[in-house]
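Student: These are the residues of each chain, in order.
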Amino acid sequence: MSMLRKHPVVTVFGVVGIGFLWLPIVVVVVNSFNRDTNLVRWGGFTLTWFRQAAADPQVRSGVISSLELGLATAAVSVVVALTGVLWWRKASPRGRRVFDALVYSRLVLPEVVLATSLFLIFSRAGVRLNMVTAVIGHTVWASAFATVILQASAKLLSEEVEEAAADLGATPFGVLFRVTLPGLAPGMIAAGLLAFSLSFDDVVTTLFLAGSGLSTLPLLIMGLIRFRVTPEVNAIGALVTTSMIVSTLVVVWLVTRRARGKGSLARGMGM
Amino acid sequence: MIPTQDPASDTVADRSISEGVRVTSSGARGRLLRRENSRHMLLLPTVLLVAVFFVVPLGLVAVYSLGTTSLVSFTTHFGWTLRNYSGLADPLYLGSIIRSLLLSAGATLACAVLAVPMAYFIVQQRRGLQMILLLAVIVPFWTSFLIRIYAWISILQNGGWLESILHHLGLVHGPLNWLYTPFSIGLGIVYGYLTLMVLPVYVALERLDPGVLEAADDLGSHGWNLMWRMVVPLAKPGIIAGCVLVGIPATGEFVTPAILGGGKTLMLGNVMGTQFMDVGNLAFGSAMAMCLVTVVLLLLLVQVLARPRSRP
Amino acid sequence: MGEMLDNSNSPAFFSQPLSRRQFLARAAFLAASPALAGAFLSACGGSGTASQTTSASASAVPNPTGTATLMNFPGWIGPSAIPDFEKQYPGAKIHLYTQVPSSLAGYVQLIKNNPGAYDMALADLTQIGSMKAADVYQAPDWSQIPNIANVDAPYRAAYPDAVPSDYGFVVIGYRKDMVTEPISSWADFWKLAPKYKGQVTLFDTDRSTLGIALKYLGYSDNTTDPAQIEKARDALISLKPYLQSVASVNIGAGLAKGSIAMADCNNYEIALAQASNKNVAYVVPEDGTSGYFEGFAPIKGSSHLDVVNAFLNFTLDPKQYAGFVNATGTSWVVPSAEPYIKANLMKSPALQPDKAQLDRVEWLQFVGEASALYGKAWEQFKAA
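Protein chains in written order, with numbering that gives the first Met the number 0: chain W, 0 to 270; chain Z, 0 to 311; chain V, 0 to 383.
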């Protein structure tokens, strides 16, 4: 591959394209330290906006709400995905097709349709919108993402270790808890992390299902963007962005390290 | 050693062996059936979630779309009427819907045009650099979508970065007026989903026999026009996959036009959401939702039909 | 200084010699119509006349408890109002909800479709009517709101169903250093929009902006004629190519900064903008404009009415009310708050229109069934 001649046009597209992807992130991070509120010139280094964001009670409650929402969504989504995938592994091809339809349909339909349909149901049933309705709304699509990740993880899981364990006298529950689940653990972590990040960052479903009392960080940011455009938003954005990048890289590193470890173990056992 | 079982084709007897259960009498068969039922219980959370919070709500939307909402008392009467759908045919709405679809289609195309050379660029590097470049493409996608779109406000606004750079270069005089336009929304969509287009194209190119690409490159020495005639068809499955991954969410986009549209450029998702949150016309909004669902299903159908015959 | 007025129930209504204020209050009661209310405002000289009223700031219920949710336009409250209230009434909390729709009736649909979620809301005359039609209106418990006496009588007459907070009207705000042509009417606004393409902003509220479009076309802004409303919608759509955005806040800031050259905005935006940039100018259009009276109304079915009534009473305390005016720059309805209102607002002509200007204002009213037409026309304009 490296023998390919590199056309300058392609190189330009490549470099500009990647730069294009990073430009807004760099802009937000740089501006979060920028004293100049017009954000065109560099006005000097300052931590004011960070201090302002940290001191703002709405920001604090927004972060807490988003964390609660994200964790609850991730937990429920992983449980739903896990049970589903455990069934799917041993299902017939027809069963698998039905299962895939159940998953795919939730991924394909626009989120705004899912959100408004749930809004109608809750409104009709007289259920007041709050954290619970928001978690339900998030879980509908987050569990589909989690399922896809777990399916990929399950495909890598060798059946042979499970069968060996069964041969050695383990009960089905024993196989489940000592072989299957640990084997799926990296997938579960990845699925949970994905569900959490998607939920933490979500605007549409939260907008329709959070009700009057729940304000998550994304809703707060949307409000600030549309109504005030304060430099505070840049500080919040910089913090959210860098923490998401760092945590994702850490988890990816952990997961790939484990997977590599497991692979070598299976090979070592000569199966 | 016990032969590997294919779970898709095993029989009750085979499964009993692999699960280490001795087949003795009908009692064991009973236990197997119960185990089978309890295995089906695993499907319950998913089925429950999908049935109660996905299928039923969508059914309710369909029912509401055939009703009428009073905009004075804000109650909905469930008559069976097609008035909401005929209301959509009003030129004002139809124009808005068509513009929205054209915008998504255009943005998806622009995304593809940008992603193919990017993917080709990555594929040309040596392995280690490829990994780094892929990470550079994926990591932005892992950060907050909201923040990334919001950042474009300060870049595109009158008096913002881009304007001052273009002024310095003498390319533009006076206010830029690029923000809060269909252009800014399209840019936001291209930006937000670029990674989803680059990855499948990269995967398609990466799977190719290196010799094919080298042949393309050699031919390309006669002009990169020829190279594109080779590279693009080879990357086609990736491009199609990317267009689906980008095109379908782009059709139902809500956040990007809400932030970059300035309240005067709305896409289908916003117009629909406005009916629920703003106007309160639940029946009409439901008809719009059904319309959006239909468009997405049509796109999926097009994708299925356009798929090149897959190799076995 | 006038004396405290309580003429409305007096049988000897017309037989006594009248002070100017008494005359106004009587006429207000008689007319109870927004057009005449406007005339009274102009006779008063706008929002500036002080009167001697007692202000009791304690509410009748000593210890309201619970959390009441207030649906409000963003930023439309004094910055310390909620913390001060919560300090004075421990056990009572106010939760602020500001993600309000751009359709005025939309506030009411949010309330109707989310029972129990909101306990009180900012509501202008059209919204009060809408709330009543949707059966979510709750009259305030006046016995718990003694501070209502602080509100000048004409405003109480114009806005009787809830606790008044302010009033306003739409003006053409512009930069006199950027817009060199004379502007005096909506006809000029429409004519000049193409020239200032990308620097023109409309206010993001349906009745208000459709209202001025109706005025531009020579109609009433309370019309119930569908054809007229559609023409107004089309007139707004014709402006769309030249618009920078349709915005609810920051219009004054945009004018002061120079990113907006010409805007359809409320007079409160002008008062604050002029304080930071002398080049911000405004005109009350010759072809007429729309105005509003607004305040806060409890919501039917709320289980925190004691907190609501206590808070409504609290907002009318002169110092608290002044905090509200200073934060929003709006025309005010509580004369006893004037000692605490900022000097530049006290002197601002935008907040103290003369009779000629007020005569051009038609105050928005609830139009019953026809309100559906306005909501529809507005979102068609936004979607076009």
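Hints are computed from structural coordinates only; laboratory data are not their basis. Note that beta-carbon positions come from the ideal geometry of N, C-alpha and C, so glycine has one too. Errors might be hidden in some of the hints.
Covered stretches of chain Z, as calculated for chain W (at least 3 residues, CB under 8 Å) [claimed, not checked]:
{"no.": "1", "region": "169-176"}
{"no.": "2", "region": "179-185"}
{"no.": "3", "region": "285-293"}
To give an idea of the interface, some chain W residues facing chain Z are shown, with a C-beta separation under 10 Å as derived from the structure [claimed, not checked]:
{"no.": "4", "residue": "V27"}
{"no.": "5", "residue": "I63"}
{"no.": "6", "residue": "L66"}
{"no.": "7", "residue": "E67"}
{"no.": "8", "residue": "W86"}
{"no.": "9", "residue": "G94"}
{"no.": "10", "residue": "V147"}
{"no.": "11", "residue": "Q150"}
Student: Does each hint hold? Answer for all of them.
Tutor: Status of the hints after comparison with the structure:
{"no.": "1", "hint": "169-176", "result": "violated (count 0)"}
{"no.": "2", "hint": "179-185", "result": "violated (count 0)"}
{"no.": "3", "hint": "285-293", "result": "holds (count 4)"}
{"no.": "4", "hint": "V27", "result": "holds, 5 Å"}
{"no.": "5", "hint": "I63", "result": "violated, 17 Å"}
{"no.": "6", "hint": "L66", "result": "violated, 14 Å"}
{"no.": "7", "hint": "E67", "result": "violated, 18 Å"}
{"no.": "8", "hint": "W86", "result": "holds, 4 Å"}
{"no.": "9", "hint": "G94", "result": "holds, 9 Å"}
{"no.": "10", "hint": "V147", "result": "violated, 13 Å"}
{"no.": "11", "hint": "Q150", "result": "violated, 12 Å"}
Checked against the numbered hints given earlier, the structure breaks hints 1, 2, 5, 6, 7, 10, 11 and satisfies all the rest.
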